[in-house]
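Colleague: Each chain, letter by letter, is given below.
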Amino acid sequence: MATSTAFEWLCGELESSTELDRLASRGTVRIALKQAGLDPNAATADQLSVVLQRVLPGELGNRGIDAADGVCSAIAGRISQIPAETSAHDSPEAVFQRLGG
Amino acid sequence: MEFVIVAQGLAGALYLLTVLIVGSRLVMLARRTKQLPELLLGGGLLLGGVLGGPLEASAISLRAEIEHAIAGKLLLAGKIAGIAALICHATFIRRVFRPHERWAWWLVAFIIACPVATLFGYGAHGAFATSEIPWNWFWIDLSARITSSTWLVVEGAIYYGMMKRRLRLGLAEPLVTNRFLLWTMAGGLSIVMFLTSVPPMLLDPVADASLLTLDLFVFSIAGVGISALYFLTFLPPESFRRWIGETSEAVS
Chain A
542 MATSTAFEWL CGELESSTEL DRLASRGTVR IALKQAGLDP NAATADQLSV
592 VLQRVLPGEL GNRGIDAADG VCSAIAGRIS QIPAETSAHD SPEAVFQRLG
642 G
Chain B
15 MEFVIVAQGL AGALYLLTVL IVGSRLVMLA RRTKQLPELL LGGGLLLGGV
65 LGGPLEASAI SLRAEIEHAI AGKLLLAGKI AGIAALICHA TFIRRVFRPH
115 ERWAWWLVAF IIACPVATLF GYGAHGAFAT SEIPWNWFWI DLSARITSST
165 WLVVEGAIYY GMMKRRLRLG LAEPLVTNRF LLWTMAGGLS IVMFLTSVPP
215 MLLDPVADAS LLTLDLFVFS IAGVGISALY FLTFLPPESF RRWIGETSEA
265 VS
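Here the protein sequences line up with chains A and B, keeping their order.
Start counting the first sequence at 542; every next residue gets the next number (the numbering used here).
Start counting the second sequence at 15; every next residue gets the next number (the numbering used here).
Check each hint, because a few of them may be wrong.
Claimed, not checked - Under 10 angstroms between C-beta atoms, here's a sample of chain B residues computed to sit facing chain A:
no., residue
1, L43
2, R45
3, T47
4, E52
5, L55
6, V168
7, K178
8, R179
9, P213
10, M215
11, L246
12, W257
13, E260
If you are wondering where the hints come from, they were derived from the structure by calculation, not from laboratory data.
A virtual CB, placed ideally from N, CA and C, is assigned to each residue, including glycine.
For reference, chain A alone in the conformation it holds in the complex:
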């Protein structure tokens, strides 16, 4: 199934901002999302913003990327470029939020 627009955008940004190739960028973002408990198919811009601040710098550091914090901050500054995405289905989190009132 298709990954989210936000996920694709972040992978592209990481590939162009670092020496990581496409495969390594996608793998790194997937690992960061997994650590954050997020699904690449449903991750949103707001969620990725937190991942960029709290998780991705550490993952890039583990891969020998210099100034990982600066790279992530720069990408986070452009996060508003991610086009809004509408889904026909609510996330399980949104459904369970409603169910308990």
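Place chain B on chain A using the hints.
Modeller: Structure of chain B alone, referenced to chain A:
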């Protein structure tokens, strides 16, 4: 033995009341939000917990006291309601957790096909005239119910794990995170409850009376447990909401 029977009756009544309240609340929520998941979950609880289960149980337990034809009709009505509940239940899980996965459609098809086949199997064996349950079809029916609840438990547990990681980053609310845990635990107890229908099929009512008493006791515990978990999941009291919030703050 009398104590266990009374306990089973009370647990059954508590369970019935809980699914009636929670199911009705979810259906009313669906009317307001116009969303399918709450309608499927609420409808499933009402159809299975308020209609299907009690009708089937009545047909079996009253078999010796009422006309076989009436018991058979109760069984038929209970089975139809139970199938409708299972359709709601499986569709809820697929729609909420696996909306894009092809295998999930096949799993839903399996979960629905088993009780539908059972309905015809029961009919072919005359169960709806006598309320005598055919052995082989009982297992096929049970396998669908267990599969559906196991699927619920697996999806709930996976998502609870994800929510815990989100919580650490401030990406999730503690109460919603906890809701996945409670729902998963209720699913586990539902499996236990379904399995308590097995001993009466296998054991002798006289020779194995003590084991059957234990079975009733397990049913009662599961019924009370599910009721408590459903209330905390779908109608959490203010004190529980506060406690979860405070616990989460203390941990973080």
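Colleague: Hint by hint, say whether it matches the structure.
Modeller: Results of checking the hints against the structure:
1. Residue-level restraint check for B/L43 holds (minimum Cβ-Cβ distance to chain A is 7 angstroms; threshold 10 angstroms).
2. Checking B/R45 against chain A by beta carbon gives a least distance of about 13 angstroms; that is not within 10 angstroms, so the hint is violated.
3. A cut of 10 angstroms between beta carbons decides the hint on B/T47: the least distance to chain A is about 6 angstroms, and the hint holds.
4. The restraint placing B/E52 at the interface with chain A holds, with a minimum CB-CB distance near 6 angstroms, inside the 10 angstroms limit.
5. Given the 10 angstroms rule on beta carbons, the hint for B/L55 holds: about 7 angstroms separates it from the nearest Cβ of chain A.
6. The beta carbon of B/V168 is not positioned within 10 angstroms of any beta carbon in chain A (closest approach about 13 angstroms), and the interface hint is therefore violated.
7. Checking B/K178 against chain A by beta carbon gives a least distance of about 7 angstroms; that is within 10 angstroms, so the hint holds.
8. Proximity of B/R179 to chain A holds as hinted, the smallest CB-CB distance being about 3 angstroms (cut-off 10 angstroms).
9. Checking B/P213 against chain A: minimum C-beta separation of about 33 angstroms lies over 10 angstroms; hint violated.
10. The beta carbon of B/M215 comes no nearer than 34 angstroms to any beta carbon in chain A, farther than 10 angstroms, and the hint placing it at the interface is violated.
11. Below 10 angstroms, beta-carbon pairs count as interface contacts, and B/L246 has one with chain A at about 9 angstroms; its hint therefore holds.
12. The closest approach between the C-beta of B/W257 and any C-beta of chain A is roughly 14 angstroms, which is over the 10 angstroms cut-off, so the hint fails.
13. Nearest Cβ of chain A to the Cβ of B/E260: about 18 angstroms, over the 10 angstroms cut. The hint is violated.
Taken one by one, the earlier hints fail for this structure at numbers 2, 6, 9, 10, 12, 13, listed in ascending order.
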